[in-house]
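Could you put the whole structure together from the sequences, leaning on the hints where they help?
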Amino acid sequence: MPNSLLAAALSAVTNRSVITYDDYSKGGYDGCSQLDQKALHQSHLIGGRVPTSIEKSSYSPRQYNDIEDKQICVLVKTLTGKTIELEVNLRDTIDQLKTKIQDGRFMTDYGISDRCTLHLVLRLRGGYVPPSTALFIHPNMLAPSYDYDFTQIDDKGMTFMRGDFEYKRPCGWKRIALNVLDKYENNIWLGANAGRLSITSSAQNEWPVSYHGTARNNCKSIAEDGFLLFKGERFAFGHGIYTTPDIDVAYLYATNFTHEGSNYKIVFQNRVNPNAFVRVLKKETGVGEYWISPNDRDVRPYGICIKKIQ
1 MPNSLLAAAL SAVTNRSVIT YDDYSKGGYD GCSQLDQKAL HQSHLIGGRV
51 PTSIEKSSYS PRQYNDIEDK QICVLVKTLT GKTIELEVNL RDTIDQLKTK
101 IQDGRFMTDY GISDRCTLHL VLRLRGGYVP PSTALFIHPN MLAPSYDYDF
151 TQIDDKGMTF MRGDFEYKRP CGWKRIALNV LDKYENNIWL GANAGRLSIT
201 SSAQNEWPVS YHGTARNNCK SIAEDGFLLF KGERFAFGHG IYTTPDIDVA
251 YLYATNFTHE GSNYKIVFQN RVNPNAFVRV LKKETGVGEY WISPNDRDVR
301 PYGICIKKIQ
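Per full-length UniProt numbering, the sequence shown starts with residue 1, numbered consecutively.
I should point out that these hints are in silico values taken from the structure, not numbers from a laboratory.
Just so you know, not all the hints are guaranteed correct.
Claimed, not checked - As a list, the in silico DSS-like pairs of lysine-lysine whose alpha-carbon atoms are at most 30 Å apart: (1) Lys307 x Lys183; (2) Lys183 x Lys38; (3) Lys174 x Lys70; (4) Lys183 x Lys283; (5) Lys308 x Lys26; (6) Lys308 x Lys38; (7) Lys156 x Lys282; (8) Lys38 x Lys26; (9) Lys26 x Lys174; (10) Lys26 x Lys283; (11) Lys308 x Lys282; (12) Lys183 x Lys282.
Here it is, written out as structure tokens:
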């Protein structure tokens with residue numbers, strides 16, 4: 001798969017001009033920065049509210065006063081990997097922290113505390129993207145030997161397992177592998193070198209596979225839809241990362257983009273910590289299965305799936 005297609009896909013999800021390393025090497029992009037892989041991953045995980053035993057539909061002055069009046073420091077990390085320190089108050093709203101994020105809820109509702117790192121996606125007004133703000137894809141970000149073309153594959157009648165959960169492979173899509181080997185404490189979560197008995201079986205202690213899209217379906221993100229679908233449920237945590245093991249559900253939230261006159265969609269493929277997420281089955285939502293992880297550290301994107309649409 002040409003890297004120009006990946007660059008177009010990442011331009012769509014980041015709202016920045018993303019170029020290939022070949023284009024960058026030709027010159028003319030003074031000030032262009034390398035796209036930071038981990039920052040890209042973290043900034044495009046889709047978090048949102050999770051129903052708890054006490055629903056807060058509004059915030060009264062008393063609730064505001066219950067929040068500690070305390071100055072803290074948060075770290076804002078951009079897509080280039082640059083980190084900016086900000087002094088804020090726990091009583092500040094998300095709107096005050098970054099006017100384009102979410103709603104008027106308090107930072108404490110999102111678990112933001114002292115020395116937290118927030119991942120920032122800059123969106124420029126007016127659509128103009130000067131060359132100095134462009135990002136380039138370094139070859140070290142990718143693992144082409146693990147790319148896989150699922151476009152002509154039909155898994156009907158077969159069941160694949162990863163992390164002891166069913167792995168619904170992205171049939172009909174092309175998967176671009178990200179270079180995540182040796183990026184964490186070990187490679188067990190990937191099932192690497194773990195003696196898999198067959199391509200359909202799980203490796204010991206590997207993490208199961210999920211997907212997420214970064215766009216909106218009927219004006220709602222996967223997290224917002226999930227919150228509405230799960231209102232009959234109660235969880236121990238009030239904010240979570242939403243993904244799904246079904247790429248057909250992720251397709252509803254896939255970002256559209258155009259490349260060389262053709263239309264495509266993009267979703268991220270992840271591994272999810274099986275010891276942390278809450279599983280909500282399709283029979284409960286009526287739409288599809290959702291997984292909710294309490295922490296972004298429990299969701300690790302390792303592939304980008306792209307599908308050509310008519």
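>> Which constraints among the numbered hints does this structure fail? Numbers only, ascending.
In response: Violated hints: 3, 4, 10, 12; rest satisfied.
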